[in-house]
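Asks: Okay, here's what each chain looks like letter by letter:
Number of protein chains: 2
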Amino acid sequence: MESAMTKKVAITDLAKRAKVSVTTVSQILNGKDDRFSDKTVKRVHELQQEMGYVPDFNAQSLIRRSGRTIGVLVPNINNPFFSHFLRGIESVAMDNGYIPLIFGSNNNQKLESYYLFESIRRAADGMIIASAISDVSYIDNILNQNGIPYLLTDQAPVVAGDTIDANNYQGGQLLAAYLIKKGHQRVAVVTDRQPTLNLKQRLAGFLDTFKQHGFPISAAHVIETELTKLGGYHATEQALVDKPTAIFALNDEIAIGLYRGIHEAGLEIPKDVSIVGYDDIDLTEYIVPNLTTVHQPSFEMGTTAAKLILARIQDKDRAIQNVSLPINLVERESVRDLNFRN
Amino acid sequence: MESAMTKKVAITDLAKRAKVSVTTVSQILNGKDDRFSDKTVKRVHELQQEMGYVPDFNAQSLIRRSGRTIGVLVPNINNPFFSHFLRGIESVAMDNGYIPLIFGSNNNQKLESYYLFESIRRAADGMIIASAISDVSYIDNILNQNGIPYLLTDQAPVVAGDTIDANNYQGGQLLAAYLIKKGHQRVAVVTDRQPTLNLKQRLAGFLDTFKQHGFPISAAHVIETELTKLGGYHATEQALVDKPTAIFALNDEIAIGLYRGIHEAGLEIPKDVSIVGYDDIDLTEYIVPNLTTVHQPSFEMGTTAAKLILARIQDKDRAIQNVSLPINLVERESVRDLNFRN
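Protein chains in written order, with the UniProt record's numbering: chain Y, 1 to 342; chain X, 1 to 342.
Treat the hints with caution; some may be incorrect.
When chains are identical, the list treats them as one kind, so a pair holds in a single copy or across two.
In silico DSS-like pairs for lysine-lysine, Cα to Cα no more than 30 Å straight-line [claimed, not checked]:
| no. | residue 1 | residue 2 |
| --- | --- | --- |
| 1 | K307 | K110 |
| 2 | K271 | K32 |
| 3 | K16 | K316 |
| 4 | K42 | K243 |
| 5 | K211 | K316 |
| 6 | K307 | K39 |
| 7 | K110 | K39 |
| 8 | K271 | K42 |
| 9 | K181 | K271 |
| 10 | K39 | K211 |
| 11 | K243 | K39 |
| 12 | K316 | K39 |
| 13 | K211 | K243 |
| 14 | K182 | K42 |
| 15 | K32 | K110 |
| 16 | K243 | K182 |
| 17 | K307 | K182 |
| 18 | K307 | K243 |
| 19 | K42 | K110 |
Just so you know, these hints were derived from the structure itself, not from any lab.
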């Protein structure tokens, strides 16, 4: 059994080397060093570095019942949108002495449950859930009963709670108005098979706007697939069936998959068909032609989520916060202006 | 202070509801349920689900001095190579009741140190370091003194230790031999400004092969940049200065950046210049033309790393393992055959 245990450097080892008491070491390392000589303080800090002494966190967390940890559940760490979102969370967490426990659920319910339980076992102080949780009330029940606050970024909470919203309905409207202005009336949409609330709103804003302009989009032209490059690629054939002049991909990953499918079908973007995406991941500027899309502030969504959950951890009774972040349309080269067609 | 604490469901709450003793609940939840009635066992499990009771992990880990955690440090979670590598680690960790603590260091030394300390504080049982650690002997010192085994995937260990190698020297050779066979003699290389050991070997295999064939590549044609899409994009102008017929990008992300720069320069791949990459990330099949590259088994590298570190945690005295994983060249459409040029 010995070999399976981690043998950490102990505070007693450090005290012995420094020839002072454990209490002295503890006080110096906790910043209460004004009662000791500069020489002693310096010596203790030097030895900490040299010996690699790190205070045992679990002893503290057992007393405080806090792991200074935020559990973060995202659907797909392979999507650049989420890696920027995670970086935003990381930066705020670090500034506050917390660390994010990052989990990619890959839309797998078994993994979701596993990670949820593991976060609680490890005394997570709060959770940020950006994953398409299959059963929100189950999550709500288990987290509430353990007194762990949580934030859902892409779904409606079971009861009133802090929310972040990036104006998805408006984003859908912007793209629809833009396409209509460019003369597009026959369009297809490629969306997720199991859309989260934010995706439903994005789609509704798009469909409502086309309908209001007298160009309703039939259900047959809303194709459901996986929210990935491969999903977009696989959906291409079906999206092209009725020869749309433009296709709205519900996120940029799907758009990149459509680019591949369209290229393989021997068609050209935007000459033969126009494409718009959503998110503004960095790849939109690398693919040819550059993708017209809606910019979401992914990093800022991460920092905001982290700030909200940390504030909620500190004060469970504070007023509920609903933060809305701005989005904007980024016009690039993937949409043809049909008003000037030959 | 009360509000800052997490109020977990306690085993006593569950015992009270189940009308049995705490010992009974504990034994049933630990699988020692053969001495109790089926009805009691069923009731306890049902209440665990309903009440959301999760055994307190920190109490256990304080005794065992183990967080059942593997700290994982990667340079860049935005690179799809690393997201697949992380998924490999995740899958093995989960099968063994561990979780990975995932950190993206972004080649930032301050973040590296922070995460290293936080991993130790949280009683990580082992660490997998795939990041370009600036000072390996510092890491070695601090982890060794805390009795935490670690695995470096892209760098040489300070002392003999478990290693994973994906034949980087051979990968460089394969690409060079392929380009030479296609008639390329004047090539440029775009690599990392602070290359890890694996990148150095990859580059050496490439340069040695060209030299052996009588086409030495001068230092001026080895351009150093960041190992990202943006780094490749920024390096394009310099890479094109002496009109190479082909460019070797040390990873696929750099290659994607070169694609953008070359397109903006009004040149065509592979007609005007050929490109080869390294890693075989999924994007290589989405960009046009599809990228010729070396396939690295990223997921398998993750599972192997996790298996090695778990075995080392279980038995610190086991024989040192050196695992070598196979790679292969994936021929796509980004290299022109100059033997058939008009």
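Asks: Now tell me, hint by hint, if it's right for this structure.
Replies: Hint-by-hint comparison with the structure:
1. In this assembly of identical chains, K307 and K110 lie within 30 Å of each other by CA distance both inside one copy and across copies; the values are 29 Å within and 22 Å between.
2. Taking the closest pair of Cα atoms, K271 and K32 never come within 30 Å of each other, the shortest separation being 70 Å inside a single copy and 69 Å across copies.
3. For the homomeric pair K16 and K316, the shortest alpha-carbon distance between copies (27 Å) is at most 30 Å, but the shortest distance inside one copy (43 Å) is not.
4. When the C-alpha separation of K42 and K243 is checked against a cutoff of 30 Å, the pair qualifies neither within a copy, at 74 Å, nor between copies, at 58 Å.
5. When the C-alpha separation of K211 and K316 is checked against a cutoff of 30 Å, the pair qualifies neither within a copy, at 43 Å, nor between copies, at 67 Å.
6. In the homo-oligomer, the alpha carbons of K307 and K39 never lie at most 30 Å apart, since the shortest distance is 39 Å inside one protomer and 46 Å across protomers.
7. For a Cα distance limit of 30 Å, the shortest separation of K110 from K39 across copies, 26 Å, qualifies, whereas the shortest one inside one copy, 55 Å, does not.
8. Taking identical chains as interchangeable, the C-alpha atoms of K271 and K42 are never at most 30 Å apart, the minima being 70 Å within one chain and 64 Å between chains.
9. Only within a single protomer do K181 and K271 lie at most 30 Å apart by alpha-carbon distance; the minimum there is 17 Å, versus 37 Å between protomers.
10. Neither within a single protomer nor between protomers do K39 and K211 lie at most 30 Å apart by alpha-carbon distance, with minima of 77 Å and 58 Å respectively.
11. Proximity of K243 to K39 under the C-alpha cut-off of 30 Å is found in neither arrangement, the shortest distances being 79 Å within a copy and 62 Å between copies.
12. Taking identical chains as interchangeable, the C-alpha atoms of K316 and K39 are never at most 30 Å apart, the minima being 44 Å within one chain and 38 Å between chains.
13. For the identical chains of this complex, K211 and K243 are intra-copy neighbours only, at 19 Å inside a copy versus 53 Å across copies, given an alpha-carbon limit of 30 Å.
14. In the homo-oligomer, the alpha carbons of K182 and K42 never lie at most 30 Å apart, since the shortest distance is 69 Å inside one protomer and 63 Å across protomers.
15. In this homomeric assembly, K32 and K110 come within 30 Å of each other (Cα to Cα) only across copies, at 24 Å, whereas the closest approach inside a single copy is 47 Å.
16. In the homo-oligomer, the alpha carbons of K243 and K182 lie at most 30 Å apart inside one protomer (17 Å), although the nearest pairing across protomers, at 40 Å, exceeds that limit.
17. Within a single copy, K307 and K182 get their C-alpha atoms no closer than 40 Å, and across copies no closer than 55 Å, so neither meets the 30 Å cut-off.
18. For the identical chains of this complex, K307 and K243 are neighbours neither inside a copy (46 Å) nor across copies (50 Å), given an alpha-carbon limit of 30 Å.
19. Taking the shortest Cα distances, K42 and K110 sit within 30 Å of each other only across copies (21 Å), while inside one copy they are farther apart (50 Å).
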